[in-house]
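Colleague: Fit chain Y with the ligands to the supplied structure of chain U, relying on the hints for placement.
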Amino acid sequence: MGKKLLLANAHVPGIRSYEVYRREGGYRSVEKAFKMSPADIVEEVKKSGLRGRGGAGFPTGLKWSFIAKPEGVPRHLVVNADESEPGTFKDRYLMEFIPHYLIEGMIVSSFALGSNVSYIYIRGEYAWITDILEEAIAEAKQNGFLGKNILGTGFDCEIYVQRGAGAYICGEETALIESLEGKRGNPRIKPPFPAVKGVWERPTVVNNVETIAAVVPIINDGGEEYAKIGIGKSTGTKLISACGNINKPGVYEIDMTISVEEFIFSDEYCGGIPNGKRLKACIPGGSSVPILPANLLLTTAKGEKRMMNYESLADGGFATGTMMGSGGFIVLDEDQCVVKHTMTLARFYHHESCGQCSPCREGTGWMERILKKIDSGKGEMKDIDLLWDIQRKIEGNTICPLGDAAAWPVAAAIRHFRDEFEWHVLNPNACLLRNYGLAHYADPVHVPASA
Amino acid sequence: MLKFSDEKLAEVEKIIQRYPQGKQKSALLPVLHLAQEEFGGWLDVPVMDYVATLLSIEPIEVYEVASFYSMYNLKPVGKYMFEVCQTGPCMLNGSDNIIDYIKEKLNIKVGETTADGMFTLKAVECLGACGYAPMMQLGKHYREHLTKEKVDAIIEECRAKAN
Ligand SMILES: Cc1cc2nc3c(=O)[nH]c(=O)nc-3n(C[C@H](O)[C@H](O)[C@H](O)COP(=O)(O)O)c2cc1C
Ligand code: SF4
Ligand code: FES
Chain U
1 MGKKLLLANA
11 HVPGIRSYEV
21 YRREGGYRSV
31 EKAFKMSPAD
41 IVEEVKKSGL
51 RGRGGAGFPT
61 GLKWSFIAKP
71 EGVPRHLVVN
81 ADESEPGTFK
91 DRYLMEFIPH
101 YLIEGMIVSS
111 FALGSNVSYI
121 YIRGEYAWIT
131 DILEEAIAEA
141 KQNGFLGKNI
151 LGTGFDCEIY
161 VQRGAGAYIC
171 GEETALIESL
181 EGKRGNPRIK
191 PPFPAVKGVW
201 ERPTVVNNVE
211 TIAAVVPIIN
221 DGGEEYAKIG
231 IGKSTGTKLI
241 SACGNINKPG
251 VYEIDMTISV
261 EEFIFSDEYC
271 GGIPNGKRLK
281 ACIPGGSSVP
291 ILPANLLLTT
301 AKGEKRMMNY
311 ESLADGGFAT
321 GTMMGSGGFI
331 VLDEDQCVVK
341 HTMTLARFYH
351 HESCGQCSPC
361 REGTGWMERI
371 LKKIDSGKGE
381 MKDIDLLWDI
391 QRKIEGNTIC
401 PLGDAAAWPV
411 AAAIRHFRDE
421 FEWHVLNPNA
431 CLLRNYGLAH
441 YADPVHVPAS
451 A
Chain Y
1 MLKFSDEKLA
11 EVEKIIQRYP
21 QGKQKSALLP
31 VLHLAQEEFG
41 GWLDVPVMDY
51 VATLLSIEPI
61 EVYEVASFYS
71 MYNLKPVGKY
81 MFEVCQTGPC
91 MLNGSDNIID
101 YIKEKLNIKV
111 GETTADGMFT
121 LKAVECLGAC
131 GYAPMMQLGK
141 HYREHLTKEK
151 VDAIIEECRA
161 KAN
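Protein sequence lines, in the order shown, are assigned to chains U and Y. The first sequence begins at 1 in my numbering and counts up one residue at a time. The second sequence begins at 1 in my numbering and counts up one residue at a time.
Everything labelled a hint here was simulated from the structure, so no lab data went into it. A couple of the hints might just be wrong.
[As the list claims (entries may be wrong)] Part of the chain U face toward chain Y, derived, beta carbon under 8 Å:
(1) S65
(2) A68
(3) Y160
(4) G164
(5) S287
(6) L332
(7) E352
[Unchecked claim] Below, in silico cross-link-like pairs of lysine to any residue (SDA-like), each with a Cα-Cα straight-line distance of 25 Å or less:
(8) K378(U) / E13(Y)
(9) K233(U) / N247(U)
(10) K46(U) / E224(U)
(11) K14(Y) / P74(U)
(12) K141(U) / N97(Y)
In this text, a Cβ means the ideal position worked out from N, Cα and C, and glycines have one as well.
The following block holds chain Y by itself, in its conformation from the complex:
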């Protein structure tokens, strides 16, 4: 049975306390973030159904939210996700070259995951780091002022961490 640890359940309880009585649905976005972190980086249907039970809402209310926001993955993703910004300001500073370089280096297209399940490449829209372009999001943090050398180093870093 799919279930949060007691510690995570306590966290969910704390989140629900932020809202007025009966408005626990407001906890949906934060709890989906937790669920995605806990259950393998994406939201499978049983995970969403579990979240619905936790918040006493209908499963459809979870599905419609999970499919609306770009940070929720509805399909499995690699262990490390490179989310490279491609919007105007980053483009002015060469984000296209960075995306091409990662494609070549990992031998995947945008939206694909490497065969070993290590890396997923995504082209995303502005992440609020336009002055530090080109940039990508990797997990909880941003990697900014990207160059080919930096990309190489990041790939190495991820591989080392995974071993």
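Isolated chain U (complex conformation):
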């Protein structure tokens, strides 16, 4: 059993309520943090090696140290609960079942950053979770952890929940800020960075839900203790939301020392693939990261076991590796069609492009149309090359990383499954009836839960 921090008490009955949460040791980190200076807290977070859990993996302590502190200008912490990357549903789990964990982390982080008014920007569809969070905030306030002069320290803090209204792009931090200002979610050109000019031109830190929650154990146990969990630069624990063709989809907290194979096949985690099917491919970090065929997923090109951490997943670069991303782990069994799956992702990115830059606006539409054409048996060989060409022209040529996020899945699908695309072109009728199986299958391996 790996170490659990965020989900250690997830199964305690009633943990959603303040009373039970507090009884189980909740809000200790706030009491401890108030005995420290804000700078000390930032220092602990730096020592912990915590990396942003929203997808980019940027060191959190470092990000916090960038926040500008002009005299007389308020600063804000904004928690990114937009969670819209296909395959990702971990923040939802945390907020739905243990909302006080996030609120606790926010109070400590707000104190460290000097934010007296902090916001949670949550995707609009999570309407019932908004209610859960507002209830938790009210409870924290009744018990003196929010509001004016918290625990007699003189520190004031309010937390408000802002609902989005259906737009993946609002997960990008500058689009999120625009949206919080009541505008369309069009990403801003950087610089200036939010740490200097964020919401209402005030210095702003935007962090993922899981990142802010991780501040709780970091303060409770100390940054050094936290850094002992995991391996190398992958410190602490990570929430993985697992879905697709697995026996036990759900949200798992892992310490980053287990192998991908164990994660998929052991009963402690995904429990293997249903109906005795073989593993075909996997997108381990949310829809934007490269898909890998089973052989490269379980073993790196160097022949080492691939592990569930930032470095190992990225080993081999985009040629033979992938990324940890947001931890949205999508598994495809042998019956699944990579062309069709990639088409749904291209459709997603086309739908979600904000339309500001032509390579993204036009390119995502082209990719969707061509993939639909190939998927429906009307493709030509030259379409595959055209698709490759289009994704290359998008990557790196846009205001925000959504363009890259749209290009990468298409690039990786062609890179690793080009024969499957070609088979669709050569077998226009058969491809409508059944999927084409590739030779990279991994046979099911039983990994005992104790492994």
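Modeller: Same frame as chain U, but now just chain Y with the ligands:
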């Protein structure tokens, strides 16, 4: 005259208090959600103009936001909206079959509303429930692990509620 109830107006006032003085435009998304709930499930132009007046902003600022976000309906919709996710992870678990089944059962296409104004079917993109696929959003809540039987039951449930 189109107007929120006093209770809703108080709610709008409370929302505006969350932001710094003069930044009441930040309340636009939450207030549009309220308006859509209050005024028939969609945002007609007079509704948007009313919201603009409430927040002291230009109507165009409301229109451009309302047309950007997928949760705001700019056309009338049925009393119950089935928003079925069609993105990759849900597709791997059979969302296409669920969409086809609803189409057949209600005799409408994706994007259409039944003649009695009861149901609208929408195919939407990932809603953050990928591990509980296939799924749909119905009002404020998600319906997960959908099967044909569950769809039948949901349709019955809606019909019963409407009567
Ligand atoms: C298109 C796009 C969508 C994103 N969506 C999310 C999201 O839903 N949640 C999130 O935390 N970060 C998302 N991000 C990353 C944020 O821009 C930002 O890096 C992150 O919130 C920073 O928090 P962290 O350092 O704690 O990870 C997205 C980025 C892009 C480019
Ligand atoms: S890359 Fe796409 S989503 Fe990002 S700003 Fe440009 S058009 Fe908008
Ligand atoms: S893909 Fe359907 S909820 Fe995520």
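Colleague: Okay, which hints does this one fail, numbers in order?
Modeller: Hints 1, 2, 8, 9 and 12 not satisfied by this model.
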